[in-house]
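Add chain B to chain A, keeping to what the hints say.
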Amino acid sequence: MYIIIVGASKAGISLTRTLLSAGHEVTLIDQDKLKVSSLSEVLGDVVMFGNGANASVLKAAGANRADVIVALTGDDSTNLVVCQLTKMMFMAPRTITRVSDPANEPLFQSIGVDATINATRILNYLIEEQVHAGDVVVPLFPLKGGNVELVQAEVQKGASVVDKKIKDLGLPEGIIIVSIYRGEETIIPKGDTIFQQDDKVIAIVTKEHIDKIQKMFKSAG
Amino acid sequence: MRIVIIGSGRLGSRLASLFTKRGDSVLMVEQNESKFMYIEDRQGIEFLAGNGADDNIIRDALKKPADIVIVATGNDYTNILISQKIKLLDKTIRIITRLFDVSLATVYTELGIEILCPTSLTIDALLKMPGIS
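Line order of the protein sequences matches chains A and B. Heads up, the first sequence is in our numbering, so the first residue is 693 and it goes up one at a time. Heads up, the second sequence is in our numbering, so the first residue is 0 and it goes up one at a time.
Keep in mind that the hints were calculated from the coordinates and are not lab data. Keep in mind that the hints are not guaranteed to be accurate.
[Claimed, not checked] Where chain B lies over chain A, by a calculated footprint (3+ residues, C-beta under 8 Å):
#	segment
1	772–781
2	876–887
[As the list claims (entries may be wrong)] Straight-line C-alpha distance at most 25 Å; calculated DSS-like pairs for lysine-lysine:
#	chain 1	residue 1	chain 2	residue 2
3	A	779	B	90
4	B	86	A	779
5	A	856	A	910
6	A	892	A	907
7	A	907	A	856
Predicted model, so just to flag it, every value in this text is computed and none were measured. Don't be surprised by glycine CBs; every beta carbon is placed ideally from N, CA and C.
This is chain A alone, in the form it adopts within the complex:
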């Protein structure tokens, strides 16, 4: 793949290294001349001097043939312009961006950015995950701005779902069972799949149904 990264932040540099060693073609753009010249000594032609929020710079970097453009400057407005220019001028590429202020995420989603990375939110989730370690349901990943979550749950001894078919549980629309891990086996569930004790269940759940799924898999005691 060809990936353009805008912003030689710590994250930008580290991502460039990772992608290069994975065999991808990368261009890292930054408008700090000193930074670019010192990075060039290590990374070579990969580093390019210029303002990545400028359409002609993106074009010169080869945005037309890029598969992904990643905006990693420390400034949300700059990242927004990088993503919007990409969407407007270079139709094909996927855009991924860092969003520093969580309040800006809805805007990035509304303009069709493919993925937003918010360090604050990820940290919050990691901490939350630790806090909830004793619970049956563990949040894995927030989707669509956090209203929907991918969660993992374990079927405890004597839980209400044990020996029941999925179709008989009367699951609301806000819960989708994605897969079940049983020992070494991975099961793609169907309506007549039956839950067993110790099953590990991956599900997509809306926020308001987290409590319900918690109850379903918890031991009756």
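What follows is chain B alone, placed relative to chain A:
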């Protein structure tokens, strides 16, 4: 009319004084309070100290329904972010955004944002000057 102006630079502060004198009600949003204090004719201009890109400040600024918002901070990217955030909060309000960069102005006009580009206006005016056209 109720007019909200974000950014009290040369453009914002002049407009604020003009509109106030004309009888409009003007709210100026500026994060640098001392900048506001230097506006010569600031009598009658309401002032809100804060970052115009902040959701809470935007909500505060629009508490009294406004007819027009003029986004005129000194940074094009900031203006782009602010105007689209306001649009997301209130689809009906008229937002005029100042952008210096002509190519950005072209792109964002295409995206349906009302843009005022001083660079283009100057070029247009210059080309109409006697002895140049």
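Going through the hints against the structure:
With a threshold of 8 Å between beta carbons, the proposed coverage of the segment 772–781 of chain A by chain B holds, since 6 of its residues qualify and at least three are required. Residues of the segment 876–887 of chain A with a Cβ under 8 Å from some Cβ of chain B number 0, which does not satisfy the need for three, so the listed coverage is violated. Between the alpha carbons of residue 779 (chain A) and residue 90 (chain B) the distance comes to roughly 22 Å, so the proposed pair stays at or under 25 Å and holds. A distance of roughly 19 Å separates the Cα atoms of residue 86 (chain B) and residue 779 (chain A); the hinted pair therefore holds under the 25 Å criterion.
Of the supplied pair hints, the one linking residue 856 (chain A) and residue 910 (chain A) holds, its CA atoms being roughly 14 Å apart against a limit of 25 Å. Taken as a hint, the residue 892 (chain A) and residue 907 (chain A) pair is honoured in the structure, with Cα atoms around 15 Å apart against an allowance of 25 Å. A distance of roughly 15 Å separates the Cα atoms of residue 907 (chain A) and residue 856 (chain A); the hinted pair therefore holds under the 25 Å criterion.
The structure fails hint 2 only (numbered hints given earlier).
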